[in-house]
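A.B. asks: Each chain is listed here by its residues.
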Amino acid sequence: MANDKQIENQRELNALQRLTMSMTGDMSSMMDDIIASSDKRNKALKEDATLTKQILADLKETGDVNKTIAQIGTQIGQSKNKEYGVNQNTAALYQAQLIAIKGITTGQKEAAKAAQGVFDVTDEVASNFRKGVDGIDEFTKKIPLIGPALSNAFSPLKEKLNKGIDRASDGMKNGFIRQFTKAKKAGDGFATSFSKGIKGGFSGASKALSGTLGISTALASTLLIAVGVGVLLYKAFEIGLKRFKELDAAAKEFRNTTGLLTSQTGNLNKNIENISMEMAGLGVSASDVAGAAAAFSNEMKGTSMASKGVLTSMVAMEKSFGVSAATQAKVNNTFQLMSGAGAKTAQQMIQTTIAAAELAGVAPAAVMQDMAESAEVGLMHFRGSTKALAFAAIEARKMGTTIGETAKVSEGLLDFESSITKELELGAMLGTRVNFNKARALAFEGKTVEAQKAVNAEVGKLGDINKMNMYQKQALMDATNMDLKSLVKQQSIAKKFKGIDGDRLAAANSLLDTGMSIENITDKQLAKEAKRLGQQKSMQSESDKLSDSMGMLGKGISDMFAPLATLLMPIFNDIVDIINAQLMPVFSILGTMFRVTFGILGAILKPVFAVLKAFSTAMMQPITRIAEAIRPIGEKFEEMAPRIIKAIQPVISVISFIGNLIGDIVGTVIGGLVDGFIFAFDVIFGIFESFYGFIQDYIISPIRSMLDLVQKGIDALASLNPFGSSDDELASDANQLQSGGSIDDGIVQDGKIISTHPEDTLIATKTPESLFGESMFGKIMSASPLGMAANSINESTGGGVSNVVGGIGEMIGGLFGGDSGDSQIGAKLDELIIVMKANKDFYIDGKKVTASVSSTVDKIGSNSYAIV
Amino acid sequence: MKITKKEATLFKESHSRYLSESKFLAKLFTRAVKKGIDKNPNITNAIQRADSAIDNARADIEKKLNGDRDKIKKAIPLSVRKYLGFDY
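Residue numbers (the numbering used here), protein chains in the order written: chain A, 1 to 868; chain B, 1 to 88.
In isolation and in its complexed conformation, chain A is listed as follows (with noise of 0.2 Å):
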């Protein structure tokens, strides 16, 4: 259902459809003419010319332009292939008038929907208007002391502006058609015609509000001073309120944290307030700041609460390297224990830790998280060295690994029983040689990430571990303690980035050798280096973009760009630290000013106070006696009171006039107001848009179209080189890793693999003789490293081991031909339990096992790991 809104807006669009309906009238009558003119013997010009007529009624009646413009499509598209015989001359006037009226039809369709939008437009201004009207109403009424009085002052104002804008609105619609309808009839294009419209409009709009508003400008002077002074009060108090709010609810959120009371948080309230001033160009707030004390706090058990300093670090480091101070406090805590250094100190080799991970090109948040779940292991493995533990944290990462993940498989090669025995049978699955003494020997040094790659190289050695079967792939599990996902990622990293990031880990390891020798911070120097480092890193987000950029396009560019960077850099540090320079002592002695000045006042207020607060109580007392005593009279006044109005009703009517007049006044001024902020912010988005239009332009993107061009030549260049495509290797692999170990030759039953080829098969039995028969070739099989290693998932109920003793005794019997009974067999075992003893070599299947087993055993003293 059309609102009165609608209504109106379509009694305005009518002027636009009279012109249209003049016109189709007109070519109505030129239709008559046409069939009065056309020769009878051929009807069909005639015909046509009627049911043209007819439509053209039809628009008159329902207005409804669309189907008209349809309606005279076809007939246009009908009657150029229609033979009008001897009215071929009329008929072309005709096909010509059927043009006109599509012209005039299709152009009133789109003048209508531009003219409604015109009116859309208008409709939302006036509601915007209306709405600002009442929100000066709101606002004016929250002004503390003055406010009641002066909305109700700019209430009839209020009124008037509504009314101003009804009228503004109308007067623009009103405005706007007349004159486009005007300009149109008189030739003038479409374009033209809407301009002048919307001159039209706004003549119309501002005529409609002539006279609208009564103004008196002595008064108006008056009460813009009342009324600014009153904002600007309001404004100061509202400012600092919400930044008092801000901090108190960070102190009690840090109380919540910890459980610690007020008088147990020393000069927390203070550091809030300071670090978050300080860090705010970092986007630090002070809910991040207590956060990062709570979180310190905590970490401590309570026992002590983080200084100026570290708070400032922590919250520096968590903006700008995503290092969360709950992370940092873990990693403070684990440095304070392996170095026995203080939290600054501690504080300050977290930062270097930080720059020295992402000078090794590692996520300097992921180092620090590995870090703080490896408290354990770092006071496990690493002698109180921070140093050796920061390095391994960041040398891990850049194998794909963690410090955690290296000390299990430096934990796993130690225990030297399980350890050999699973390399042993690793070994005789894969049929080479598996060595992980040098690995085991780092292990033992407590060097767990030199272990982890020295088990890393070995396993490069045996090829690519997708190509492995299943057992196999067990088999290197179990014997480097890894598991399958890591092993292969490791060995992926190790195959692309072979050799590329040493400079980068040596200067994080010079960085470290520097950072982690410096004792006995002070607060003041690690706030201070916190600064430098996060400015230094928000500095460094856009020119590592850049740099990334770089990296794709090869040394030459960056050689290139690098003087460019070296310009500005420096020149953007500067900027800022000029502003810092010169604003933060200007806030900072204003801080002090109004510290000591509100500081004076409240002393002087509260003994004011209170001795009126005293002398109000007093008072009350005969106050109330007295309000009592005269209730009587109070009331003899309530029943006179509608003769005193009466009475005084002409004085009424003079104050309402000067209510009405100040109303006026004050809602001229706040317009006024509101009409200069609008001009400035014209003028400051202006500076902003041509600013960034000159930056966009001229710097950012000719770098860009070079930086495309040259991207377009490398990838050109790239595609001829015939060696590439190691992605593609790694995501292959990668997605034979998901699939859980897919086979080419495999045998694959309802979409699972059941076994691999059958020549591949490796069959495990508890009686490897039963597979060959009692043949010699049974014999050796069942004492071969494989049947071993067969009979060993036996061990735990003991018939393995003697099976195996009983393979070698009916080896060793059948070789030699002998039809030997137990009491030969049990001297030869004791033969060889003699030999290994001696640490002489003995060999399986042509190689040697006992002597790497041997020297092993030598340096943990004894041979108690022997394999007998």
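In case anyone wonders, no lab produced these hints; they're calculated from the structure.
This structure is a prediction, so every number in the text was calculated from the model and none was measured.
Take these hints with a grain of salt, some might be off.
[Unchecked claim] BS3-like, lysine-lysine: derived pairs with alpha carbons at most 25 Å apart:
#, chain 1, residue 1, chain 2, residue 2
1, A, Lys113, B, Lys73
2, A, Lys196, B, Lys64
3, B, Lys39, A, Lys131
4, A, Lys207, A, Lys185
5, A, Lys531, A, Lys319
6, B, Lys82, A, Lys113
7, A, Lys160, A, Lys141
8, A, Lys60, A, Lys182
9, B, Lys63, A, Lys46
10, A, Lys82, A, Lys131
11, A, Lys43, B, Lys71
12, B, Lys64, A, Lys46
13, A, Lys163, B, Lys34
14, B, Lys73, A, Lys185
15, B, Lys39, A, Lys199
16, A, Lys5, A, Lys199
17, B, Lys27, A, Lys46
18, B, Lys71, A, Lys82
19, A, Lys113, B, Lys35
20, A, Lys113, A, Lys185
21, A, Lys199, A, Lys182
22, A, Lys199, A, Lys113
23, B, Lys74, A, Lys43
24, A, Lys80, B, Lys64
25, B, Lys74, A, Lys46
26, A, Lys196, B, Lys27
27, A, Lys109, A, Lys43
28, A, Lys80, B, Lys63
29, B, Lys63, B, Lys82
30, A, Lys5, B, Lys34
31, A, Lys185, A, Lys53
32, A, Lys182, B, Lys82
33, B, Lys34, A, Lys182
34, A, Lys308, A, Lys270
35, A, Lys485, A, Lys461
36, A, Lys109, B, Lys34
37, A, Lys270, A, Lys606
38, A, Lys5, A, Lys109
39, A, Lys5, A, Lys131
40, B, Lys64, A, Lys43
Based on these hints, arrange chain B on the given structure of chain A.
C.D. replies: The following block gives chain B in isolation, referenced to the frame of chain A:
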């Protein structure tokens, strides 16, 4: 604060553009409407389509009647010719 008559006159003159209701509110209002219209692509597109429709109609009529002005005048009444942008 008390202002003299002279100050009041001076204030009125310097702030007349804000104090005159026909200019003050109307200026704010019309500026907002203008911005709204400029940002509304439907309006400009409709005007372009309308101009395009009458341009095409004019061209088609001229083509149909071989540019013969007399025939065009005979076929199309003056009001419509003006509307369609014929200059005769």
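A.B. asks: A separate judgement is required for each hint: does it hold in the structure or not?
C.D. replies: So, going through the hints one by one against the coordinates:
1. For the suggested pair Lys113 (chain A) and Lys73 (chain B), the alpha carbons sit about 30 Å apart, so the restraint of at most 25 Å is broken.
2. Of the pairs offered as hints, the one joining Lys196 (chain A) and Lys64 (chain B) is violated, with about 32 Å between alpha carbons and a cut-off of 25 Å exceeded.
3. As the CA atoms of Lys39 (chain B) and Lys131 (chain A) are separated by approximately 21 Å, the hinted pair is consistent with the 25 Å bound.
4. Taking the CA atoms of Lys207 (chain A) and Lys185 (chain A), the gap is near 24 Å; set against the 25 Å cutoff, the hint holds.
5. A hinted pair counts as satisfied when its Cα atoms are at most 25 Å apart, and Lys531 (chain A) with Lys319 (chain A) qualifies at roughly 11 Å.
6. Between Lys82 (chain B) and Lys113 (chain A) the CA atoms are separated by roughly 21 Å; this keeps the pair inside 25 Å, and the hint holds.
7. Distance restraint check for Lys160 (chain A) and Lys141 (chain A): the Cα-Cα separation of roughly 19 Å lies within the 25 Å cut-off, and the hinted pair is therefore satisfied.
8. Pair hint Lys60 (chain A) plus Lys182 (chain A) holds up; C-alpha atoms about 21 Å apart against a cutoff of 25 Å.
9. A distance of roughly 23 Å separates the Cα atoms of Lys63 (chain B) and Lys46 (chain A); the hinted pair therefore holds under the 25 Å criterion.
10. For the suggested pair Lys82 (chain A) and Lys131 (chain A), the alpha carbons sit about 61 Å apart, so the restraint of at most 25 Å is broken.
11. Note on Lys43 (chain A) and Lys71 (chain B): the hinted pairing holds, with a Cα-Cα distance of about 22 Å set against a maximum of 25 Å.
12. Our distance criterion of 25 Å between C-alpha atoms is met by Lys64 (chain B) and Lys46 (chain A), whose separation comes to about 19 Å.
13. Between Lys163 (chain A) and Lys34 (chain B) the CA atoms are separated by roughly 21 Å; this keeps the pair inside 25 Å, and the hint holds.
14. The straight-line distance between the Cα atoms of Lys73 (chain B) and Lys185 (chain A) is roughly 17 Å, inside the 25 Å bound, and the hint therefore holds.
15. Pair hint Lys39 (chain B) plus Lys199 (chain A) holds up; C-alpha atoms about 17 Å apart against a cutoff of 25 Å.
16. For the hint linking Lys5 (chain A) to Lys199 (chain A), the alpha-carbon distance of about 22 Å falls within 25 Å, and the restraint holds.
17. Annotation: proposed proximity of Lys27 (chain B) to Lys46 (chain A) is violated, straight-line Cα distance about 57 Å (limit 25 Å).
18. Our distance criterion of 25 Å between C-alpha atoms is met by Lys71 (chain B) and Lys82 (chain A), whose separation comes to about 21 Å.
19. Between Lys113 (chain A) and Lys35 (chain B) the CA atoms are separated by roughly 18 Å; this keeps the pair inside 25 Å, and the hint holds.
20. For the hint linking Lys113 (chain A) to Lys185 (chain A), the alpha-carbon distance of about 18 Å falls within 25 Å, and the restraint holds.
21. For the given pair, Lys199 (chain A) sits about 13 Å from Lys182 (chain A) by alpha-carbon distance, which is consistent with the 25 Å threshold.
22. Of the pairs offered as hints, the one joining Lys199 (chain A) and Lys113 (chain A) holds, with about 18 Å between alpha carbons and a cut-off of 25 Å not exceeded.
23. Under the criterion of a C-alpha separation no larger than 25 Å, the hint pairing Lys74 (chain B) with Lys43 (chain A) is consistent with the structure, at around 22 Å.
24. A threshold of 25 Å between alpha carbons decides the hint, and for Lys80 (chain A) with Lys64 (chain B) the separation of about 11 Å falls inside it, so the pair holds.
25. Taking the CA atoms of Lys74 (chain B) and Lys46 (chain A), the gap is near 18 Å; set against the 25 Å cutoff, the hint holds.
26. Taking the CA atoms of Lys196 (chain A) and Lys27 (chain B), the gap is about 17 Å. The hint holds against a cut of 25 Å.
27. As the CA atoms of Lys109 (chain A) and Lys43 (chain A) are separated by approximately 33 Å, the hinted pair breaks the 25 Å bound.
28. Note on Lys80 (chain A) and Lys63 (chain B): the hinted pairing holds, with a Cα-Cα distance of about 14 Å set against a maximum of 25 Å.
29. Our distance criterion of 25 Å between C-alpha atoms is met by Lys63 (chain B) and Lys82 (chain B), whose separation comes to about 18 Å.
30. Proximity of Lys5 (chain A) to Lys34 (chain B) is assessed by CA-CA distance (about 20 Å); at most 25 Å being required, the pair is judged to hold.
31. Simply put, Lys185 (chain A) and Lys53 (chain A) have alpha-carbon atoms about 23 Å apart, close enough for the 25 Å limit, and the pair holds.
32. Among the hinted pairs, Lys182 (chain A) with Lys82 (chain B) is consistent with the structure: their alpha-carbon atoms are about 12 Å apart, no more than 25 Å.
33. At roughly 21 Å between alpha-carbon atoms, Lys34 (chain B) and Lys182 (chain A) fall within 25 Å of each other, so this suggested pair holds.
34. Between Lys308 (chain A) and Lys270 (chain A), the direct Cα distance comes to roughly 9 Å. Compliance with the 25 Å bound is thereby established for this hinted pair.
35. Proximity of Lys485 (chain A) to Lys461 (chain A) is assessed by CA-CA distance (about 18 Å); at most 25 Å being required, the pair is judged to hold.
36. Taking the CA atoms of Lys109 (chain A) and Lys34 (chain B), the gap is about 23 Å. The hint holds against a cut of 25 Å.
37. Among the hinted pairs, Lys270 (chain A) with Lys606 (chain A) is consistent with the structure: their alpha-carbon atoms are about 23 Å apart, no more than 25 Å.
38. Restraint check for Lys5 (chain A) and Lys109 (chain A): satisfied, since their Cα atoms lie roughly 21 Å apart, inside the 25 Å limit.
39. For a cut-off of 25 Å, the pair hint linking Lys5 (chain A) to Lys131 (chain A) stands: about 17 Å separates their Cα positions.
40. A C-alpha spacing of about 22 Å is found between Lys64 (chain B) and Lys43 (chain A), which places the hinted pair at or below 25 Å, so the restraint holds.
Taken one by one, the earlier hints fail for this structure at numbers 1, 2, 10, 17, 27, listed in ascending order.
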